[in-house]
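Number of protein chains: 2
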Amino acid sequence: MSTRLPVELAKSYRLLNHGPTVLVSSAHGDTVNVMAAAWSMPVDFSPPKVAVVIDRNTLTRQLVDASGEFVLNIPSRQLAQATLAVGSASGREVDKFHAYGLSTFAAEKIAAPLLQGCLGWLECRVIPEPQIQERYDLFLGEIVAAWADPQAFSNGHWIFENDSPRSIHYIAGGNFFETGAAFDVER
Amino acid sequence: MSTRLPVELAKSYRLLNHGPTVLVSSAHGDTVNVMAAAWSMPVDFSPPKVAVVIDRNTLTRQLVDASGEFVLNIPSRQLAQATLAVGSASGREVDKFHAYGLSTFAAEKIAAPLLQGCLGWLECRVIPEPQIQERYDLFLGEIVAAWADPQAFSNGHWIFENDSPRSIHYIAGGNFFETGAAFDVER
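Keeping their order, the protein sequence lines are chains A and B.
Add 6 to the 1-based position in the first sequence for my numbering, that's all there is to it.
Add 6 to the 1-based position in the second sequence for my numbering, that's all there is to it.
Treat the hints as calculated values from the structure; they're not laboratory data.
Among the clues, some could well be false.
Not the full set, but computed from the structure, chain B residues with beta-carbon under 7 Å of chain A [what the hints assert, rightly or not]:
#: 1; residue: Gly25
#: 2; residue: Val59
#: 3; residue: Gln87
#: 4; residue: Leu144
#: 5; residue: Ile177
Bear in mind the structure is a predicted one, so any value in this text is a computation, not a measurement.
Cβ atoms here follow ideal geometry from the backbone N, Cα and C, with glycine treated the same way.
So here's chain A without its partners, still in its complex pose:
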């Protein structure tokens, strides 16, 4: 099981602030799915909110519409192959968890599961905005619980040192960047 510690909600936006590609997990009834999303971002600090694009043709969309919940999982480079795979296949045609060797564990506040091996997890409840969901496939969610692997994010800060796992940033095709060197700027 992934090691995880709670992240205080006021700092949970920091898991997403640098723009990593995420995996969106969702569940409704007995159906569970996961897809990749390069298009997500924070939209507010308090209460913390996120935005994510969930295409209308996906199984994830159907599960999120039905459940009103989703998890943004922040994968490490070790999960890049799986990220590309779950972003390419449909959960209607393949059990992605079985096909790509992904396992899950229970979230605290919602039914959608958390993906093993990720660096951070944001449990979200949909803030209903039917017009933008319909027009733009754009979903807003309130973060109701947040977790991080303390080897990657601790006390509100990412730890991306030489040998620590890093988050990833998708471009197109199979092309990614990892999160690079940290630097500080003085005010």
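Use these hints to put chain B onto chain A, whose structure you have.
Chain B only, in chain A's frame:
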């Protein structure tokens, strides 16, 4: 003047897909401003659209509300100090261009200017969605022209080699990451 080449609109989302922090420039009448935004993302490929959070208390918000336009400028690490500075000061109190040594050049399709020294530029027209603008400070824009420094982005691909300028990803305080090593995953 920054070297720039046009980016075809179908590939313009790739300037933003990896989640860099951007600088939002705007203009109305004689007033011009620039602010930083960690919260922006693509929302569609064709026509290409973006989403960005523009706080209701900013001068930028006033200019974008009045003009219906903005530019997302993608700064390099060389502009990180300026990025933090323009994200901390208000254009109502200081001429940020003068104060932080920033210069601009003309956009093609809109009146808001492009910032010198950036790696890419997305000229955007607001897609009016008053309800989400008001509730969440969330703006949607259509990309109507896109440009890149060919040393950083060429033929639809980022070039982040050892000595090339890199985009940046803000976390909090003065803490940033640069865009790191590229890697490819086979499907």
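Once the shortest beta carbon distance from Leu144 (chain B) to chain A is found, is it less than 7 Å?
Constraint on Leu144 (chain B) satisfied, holds at 6 Å.
Minimum Cβ distance from Gln87 (chain B) to chain A below 7 Å?
holds, 5 Å
Holds or violated: the hint that Ile177 (chain B) contacts chain A, with Cβ atoms closer than 7 Å.
holds, 5 Å
Status of the Val59 (chain B) interface restraint (C-beta, 7 Å, chain A)
At about 5 Å, which falls below the 7 Å cut-off, the nearest Cβ of chain A leaves the hint on Val59 (chain B) intact, so it holds.
With a cut-off of 7 Å on the beta carbons, see whether Gly25 (chain B) makes it to chain A.
Since the shortest Cβ distance to chain A is 1 Å, the answer is holds.
In summary, this structure violates none of the numbered hints.
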